[in-house]
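Please build the complete structure, drawing on both the sequences and the hints.
When we follow the working numbering, the leftmost residue of the sequence shown carries the number 1, and every step to the right adds one.
All clues given are correct.
Computed list of lysine-lysine pairs in BS3-like fashion (alpha-carbon distance at most 25 Å, straight line):
| # | residue 1 | residue 2 |
| --- | --- | --- |
| 1 | 138 | 151 |
| 2 | 152 | 4 |
| 3 | 176 | 3 |
| 4 | 152 | 138 |
| 5 | 50 | 116 |
| 6 | 182 | 152 |
Read the hints as simulated data drawn from the structure, not as lab findings.
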Amino acid sequence: MMKKSFSQSIKQEIITKPRVQKNSNIELLNGIFATAFFIDDYYLLTINTKETLEFIINLLNKYNLVFQMPRKNQVLIHSKYLSKDIKKQGNYFAGVFLSGGSISDVHSTSYHLELKLFNEQKALEIRDILNKYDFNFKLMQRNNAFFLYIKKVEAICDFLKAIEALESYLEFEETKIERDFKNNINRLTNFDIYNQQRIANSNQLFLNNWNKIKQTHHEDLFSENELLFFNLKEENLDSSLNELVILLNEKHKIKKAKSTLNNYLLKLSRIVKKINQSKTKKK
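And the structure:
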């Protein structure tokens, strides 16, 4: 048996949610048929999911609402049977999602929730209502259908809460938190790798420069403190500049700031560069 998609799980939650009052179910039906074709005061709804279709038919029969089925997956009903007085919009939009909604998989790397409708006026009306609550739904037309969609995770979470699909909301939120945690761990790991590589490159550059000075006997270009620092750093390559500040004070009673030690290293690089340039000119 195939695992249900996240869209199907949300719709299952909408179907199984207890609704005792007639008004709540009529509001739900009103949202369901809002996604349908509207022709001469009739709504023509096509539903290809057996469970959803049976749920809709059972609701219509429960309240003795007259309908026809032109095809086995279609329901035709006059608009007079559907109330325009919507007291609880959550039921209405739950109906809209049930008949025309879809959402990206909960484990997807990108987020997308959309509502598919076949009536432009109804699509605009729904967009305007939802966007009063800062959902920021966008409208797009594709072929003969109109799609309202959002991509921001916060808006999707708020929509799931608004239609009272709370179990699905919690699953979505939990998966998002888990993914964010893993992404943060990966970022930290990548940063550590980058930092280690940067330190290794910096140490190699220092060793090359310091060895060059010793090989060419140019120690006289540096002060005693600078030479002590270079020897200390060579012996403690894994130490940071902050740690070398402490070591320099402990071993040689020399108090220097981190910025001063960094300037020593810059001076070392400049002098080695001049030595190399001088050799190139002689050639």
